[in-house]
Amino acid sequence: MEETFDGDPSETATLEAYADTIVPGEKRWPGDRAIAGVSAGGGAVAAGAVELMRTDAGGLAPALPDLVRALNAHAEAYRDRLGLERDDSVPAFVALSGEHRVALVSELVAPGHPEKMLWVGMAIFSNMAFDVGAHLHTSEAMASGHPGLAALGYFQPDPDGLWRFPDFSYRRPLADHHPDTTPSGSPA
Amino acid sequence: MSAVESTDVLVIGSGFGGAIAAYHLAAGGARVEVLERGPWLSAEEFEHDFKFGTSSTRIFDFVIGEGMSLLGGNCVGGGSVVYFAAMPRAPRFVFDRQGGTGRRMWPAAISRDALEPWYDRVAEALPVTQMTWDDATYAGGLWGAACHAAGRTANPVPAAIDRELCTNCNWMMAGCRFDAKRSLLLNYLPAALAHGARIRPLHEVQQISRTEDGGYRVAYNVVHDVDYRVVVGSGSIEAKIVVLAAGTGATPVILQRSEAALGPMPYAVGRYFSGNGERLNTAILDEDKVGELLGLSRGGDRRYAANQIGKGPTVATWDHLDPARPEYERFCLEQLYFPPGLGTILAQVPDATGPTWFGAQKKEMVKRWQSWLTVFTMSEDDNEGVFGAPPPTGNAARFSQQMLGFGPLKYVPTPNTLRGWELSDAEARRILEKDGLARVMPWTNDVVGAYTVHPLSSCRIGDDPATSALDDRHELRGHPGIFVTDGSAVPGALLANPAFTIAALAERAIPGIVEAARARGVDVVYGAPAPDGGVSARGAALKAAARMSGH
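Those protein sequence lines, which keep their order, are chains A and B.
For what it's worth, UniProt numbering labels the leading residue of the first sequence as 1, then goes sequentially.
For what it's worth, UniProt numbering labels the leading residue of the second sequence as 1, then goes sequentially.
There could be a bad hint or two in this list.
To be verified - One-sided excerpt, in silico: chain A residues whose CB lies under 8 Å from chain B:
1. Val38
2. Arg86
3. Val120
4. Met128
5. Gly133
6. Ala134
7. Thr138
8. Phe155
9. Gly161
10. Tyr170
11. Arg172
What the hints assert, rightly or not - Using 25 Å as the maximum straight-line C-alpha spacing, the simulated PhoX-like pairs for lysine-lysine come out as follows:
12. A/Lys27 / B/Lys367
13. B/Lys289 / A/Lys116
14. B/Lys434 / B/Lys289
Keep in mind the hints are simulated off the structure, nothing from the lab.
The beta carbon of each residue, even a glycine, is placed where N, CA and C say it ideally should be.
Sequences and hints are given; from them, build the entire structure.
Here it is in structure tokens:
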């Protein structure tokens, strides 16, 4: 359905590093630079954030090359401002430590930042990938152990892929009603 | 080929305001066309699926403005298809609110008593049912028990839900797969169709202009059925009467865009927007304390951990709906559910040492999601929202193929609004943090501004032409024959879920619209029964209609 592609490796690494700042996960291999490795278990990257960013449906895909360039430019400026060591072996944002990525992203999404909505948009896609796996059919995501839905403890559906909860209520009065309730159950 | 179509009544939008008008006017004998910009889905097409492109994004819009984001329906049936169907009547004192106007905001003709016959019509039509504690979900019961433990009252909230069919799946925002939710797809709309009304989905109105004979021409675009950013056709229809019910986020935008053709709009078009004073808090429950302090058990060692289970809001506390309190200090606190994604992103970490809404600590908080309880504030805001220049088409610059766009609304909360939020936040904390039951934090407004699932008042009724766009019959000032019947007509925040009041106001507006149509030569009468033929609420409505028209 939606077209996905691997893209340029430095673009992918930058997008992964951003998504990992929003919902962090564990490194995929020793020396994994894109993922900062500040949290156990899969994060936004393992959940498919970059795939989601690249879907046609999401609308973000055409802007990604510009966003990656802008993010790395912000990272260079941040690095120079703090006098951090330069590392040209990876994109500038990827070169930042997890702590510095958080600090920079916090600046970019802060109220008043002129590009705030761009970076908030990227954050929302990262969250949507982790929290619901919006690039996947949910029943398939559940079946394949999607890390975000698993972290939430999202309950398994019935065999037909639909959710039903026959047990849903404590089934007993738990508070006194407001004294001014009308006979139809509304506030007076 | 270029022959312009014509009809008696053109209805823009098929939510409560549009569907109710379409039904009564068609049943009364008028030719009715309904233009709906969203798709037309039915139960079997409502999916339990978060994937982009499934019903959860096809029928739902999230429009980001400056300081306020709007969430709403985008489909045949409008808000009723995506809503949670909580249907309390608005408290009596709401109708006496002044807002910032220094006078009663509502028209003199409308009070709670005056609206009761119209609420009753809607209650019969949908129908609306009184709920009991047996219907309250675990989340609702937990909220009720916490309120009780803190010395508050709490009520199960009336709802338009068929409890026999409901599976408590909590997928209401993607449409009800089981036809348990009494959306307009099950009553007014099929009845309108049976009386000859036509509904055209994926028809997005662009502009209204006047015809030489005093009627109106409505120009529309046809949008692509998957990628709503793409226009695949266009056309226009002429009508003697236009009922505009495109939703609070779209109605004023259509009028603003039409101003060049129609002439000056009332000042209040696109102003006085209210977000219904909405605000959310997320509590993270200590499961052991749910058992110890509240004595709740789901069986075995399970206490709560049931955030996912339910049917939206089921229990509210109305202790702060106190007419003796000053305006802006009254609010309702209602248990609510939001699916992950929309319901998780803005929740904040208690005691965060870094970012509050993203990062490692947020991920840890998300791992306790089943122990979350969402508490929903509806308070009195200051009608401070203003719509800027309209986008080229629709009501937003669409970003994604579906759902996500950027709209022209600007909202800077006043100290009054902020105070209401602060007071309700504090009350939510007092109730839920008592004895360490939970930790509570409000959702952040720093990411997409404030947000509302109940946008109101952007084209409101009133008696004062300076602060209202519509007269008390819902007719647009200076533009006879255009009526507005959606949430935009509501004067201000309702301190309750507004669908029932929006629908009651639409029912109340119908006799006046029928009269206007008759004056324009349309052979139509008022007095249809409820969509299923029921007549128990009709008599009182007919009497009220006669009083309104002076007969």
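Hint phenylalanine 155 of chain A vs chain B: min CB-CB distance below 8 Å?
Constraint on phenylalanine 155 of chain A satisfied, holds at 6 Å.
Given hint methionine 128 of chain A near chain B, where the shortest CB pair must fall under 8 Å:
holds (5 Å)
The hint names glycine 133 of chain A as touching chain B; please verify it with the least Cβ-Cβ distance against 8 Å.
holds (7 Å)
Taking the closest Cβ pair, is threonine 138 of chain A under 8 Å from chain B?
holds (5 Å)
Return the status of the interface hint for alanine 134 of chain A: holds when the least beta-carbon distance to chain B is below 8 Å, violated otherwise.
holds (5 Å)
Given the proposed pairing of lysine 434 of chain B with lysine 289 of chain B, does the C-alpha separation stay at or below 25 Å?
holds (10 Å)
Restraint check, 8 Å cut-off on beta carbons, for glycine 161 of chain A near chain B:
Holds. Min distance 7 Å.
Holds or violated: arginine 172 of chain A as interface residue toward chain B, Cβ cutoff 8 Å?
holds (6 Å)
Was the hint right that valine 38 of chain A lines chain B, CB cutoff 8 Å?
Result: holds, 5 Å to nearest chain B Cβ.
Have a go at the valine 120 of chain A hint: is there a Cβ in chain B nearer than 8 Å to its own Cβ?
With a minimum Cβ separation of about 6 Å from chain B (threshold 8 Å), the hint on valine 120 of chain A holds.
Is lysine 27 of chain A close enough to lysine 367 of chain B, meaning Cα to Cα at most 25 Å?
holds (19 Å)
Tyrosine 170 of chain A was flagged as interface toward chain B. Is the shortest Cβ-Cβ separation under 8 Å?
holds (4 Å)
Checked against the numbered hints listed earlier, the structure breaks hints 2 and 13; every other hint is satisfied.
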